[in-house]
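Residue numbers (the numbering used here), protein chains in the order written: chain B, 284 to 571; chain Z, 147 to 414.
Treat the hints with care, since some could be wrong.
Just so you have them, the derived chain Z footprint on chain B, three or more residues with Cβ under 8 angstroms [what the hints assert, rightly or not]:
| hint | stretch |
| --- | --- |
| 1 | 372-380 |
| 2 | 435-445 |
| 3 | 451-457 |
In silico PhoX-like pairs for lysine-lysine, Cα to Cα no more than 20 angstroms straight-line [claimed, not checked]:
| hint | chain 1 | residue 1 | chain 2 | residue 2 |
| --- | --- | --- | --- | --- |
| 4 | B | LYS503 | B | LYS290 |
| 5 | B | LYS538 | B | LYS557 |
| 6 | B | LYS538 | B | LYS503 |
| 7 | Z | LYS387 | B | LYS393 |
| 8 | B | LYS393 | Z | LYS291 |
| 9 | Z | LYS323 | Z | LYS291 |
| 10 | B | LYS386 | Z | LYS387 |
| 11 | Z | LYS291 | Z | LYS387 |
| 12 | B | LYS290 | B | LYS357 |
| 13 | B | LYS357 | Z | LYS387 |
| 14 | Z | LYS326 | Z | LYS345 |
Worth flagging that the hints you see were computed from the coordinates, not collected in a lab.
Built from N, CA and C at the ideal position, the CB exists for glycine as well.
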Amino acid sequence: MSIVIEKLNYVYMAGGPYETHALRDVNLTIEDGEFVGLIGHTGSGKSTLVQHLNGLLMPTSGRILVDGMDLADKDTDRRAVRQRVGLVFQYPENQLFEETVEKDIAFGPKNLGLGEEEIARRVRDAMRRVALDYDTLHERSVFELSGGQMRRVAIAGVLAMEPQVLVLDEPCAGLDPRGREEILSLIRGLHSECGTTIVMVSHSMDDVASLAERVIVMNKGGVFMDGAPREVFSRGEELRAIGLDVPQAVQLAQKLRDRGFDVPQGVYRIEEIKAVIEGIAGKGEKHA
Amino acid sequence: MLNDITLGQYFPGNSPIHRMDPRMKLILTIVYIVGVFMVSNLPGYAIALAFLYLVVRVSGISFKYLVKGIKPLRFILIFTFVLNLFFVEGETVLLSLGFVRITKEALENAVFFALRLVFLVMGTSVLTLTTSPIRLTDGLERLMKPLQRFHFPAHELAMMMTIALRFIPTLLEETDKIKKAQMARGADFESGNLIARAKAMIPLLVPLFVSAFRRANDLAMAMEARCYRGGDHRTRLRELKYTRLDLYGLLATAAFIAVIIAEGKLLG
């Protein structure tokens, strides 16, 4: 299932004093099974773009095809689209409202009109996938949980719809390093085990570098770069010019090069730079 | 979808109307309201329209924008109109269908009261469109200050209003976000009967209240951390001062009232 975006434009509050052109002529195709990292400065249009992917926002002009369904078409079944494309908002724990964890996760499948048994299965399944223990937690109130747990309940609420494409807007915002690592590894698991297409919006270059297979950089409402992480992160100067940065591994590689060490171009992952440093250290020992 | 509300939205600018003292604008708005109530016949609204048009031209706001602000009130307007149309007794029958009787007097009344509502809303919108919320509550606080002698909490009330106004856009944004998040989970806010729709609001209202209380808590702490302790001995960054502009505004409004009274005497 692919998502095709053609000449997408979106204008907020057209005609008012605060009119803003949030998206300008965006053309993109997201293929089945991809892991896309979407990065950009605040106000670059990332969040606006992702809200178009499941029909929450209607294009001002242009069109979006999800699995062949045109989202701008009024006759398209929105619920079918939202079942296929799951969207996890920024700080998704703010949307929790039910009395218990189980009921909250069941909200989505219930709206899809599924049977009791299927709903129960999906709730258990979703909780397992976000590493929440069903037996101890399903009857707890969502407001008693820790921040990291609440976020995982919220993600489970979207996963219970069993979407083929999962869009996450800043899934790690405001979490401590451990919570962050947990969320990232569960996203990684969804992609590798279930084959879910992932679109992850992030401010963190390191998160994107460690997970994404394709990186899209947005700037001022348009697509600024689109390619493999190795390519995108090798253009550090351009990224810095639009207020972004490169992953720490790339920064470290550059610093090592500046000091005269031989570091190959295109290194962007922590593991890669680790191997390089070990190589250098190994040589040093031999010389001594 | 919630951004279409013009009522109570500040339209930044630097026109003479924007620069007027908020106290004077508040007083003149009240005078204008009294003036609109004094209009006793349909031609009187032509005078109100002329005055309003003049003020809006000076303020630099497009008249269209102001008219758009009436849109959210269309149901109240239609309601007023229909109520007057069907239930006012009159003599000259225009249309009679079974028990429904529409008279000339009723039609005039319906138009009259609908117009009154339109002029009230448009006039007061000029105040909120040209005055930033901070200046508005500043003005209110100063106007209410004499009442403090009778232990009226003028400062506290103004502070509450400032905070409430400050949080309206924030809460609207929050509502929009939660609504979208629930829609992403297949929630439907648009269809179904009244009970189904009311029920559909629960997933929206619970998170909204939770976040509003959390915000209130955070704000209270932030204010205490900056040693806020009410209005006593509090000085202000910007002192309010009447200028020549306020005098012009006063004269223009006085002229408006005079013309309204004269017109009422001549035609009423």
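Hint check results:
no., hint, in the structure
1, 372-380, "holds (count 6)"
2, 435-445, "holds (count 3)"
3, 451-457, "violated (count 0)"
4, LYS503(B) - LYS290(B), "15 angstroms, holds"
5, LYS538(B) - LYS557(B), "14 angstroms, holds"
6, LYS538(B) - LYS503(B), "30 angstroms, violated"
7, LYS387(Z) - LYS393(B), "60 angstroms, violated"
8, LYS393(B) - LYS291(Z), "55 angstroms, violated"
9, LYS323(Z) - LYS291(Z), "39 angstroms, violated"
10, LYS386(B) - LYS387(Z), "58 angstroms, violated"
11, LYS291(Z) - LYS387(Z), "15 angstroms, holds"
12, LYS290(B) - LYS357(B), "19 angstroms, holds"
13, LYS357(B) - LYS387(Z), "55 angstroms, violated"
14, LYS326(Z) - LYS345(Z), "17 angstroms, holds"
Of the numbered hints stated above, those contradicted by the structure are hints 3, 6, 7, 8, 9, 10, 13, listed in ascending order.
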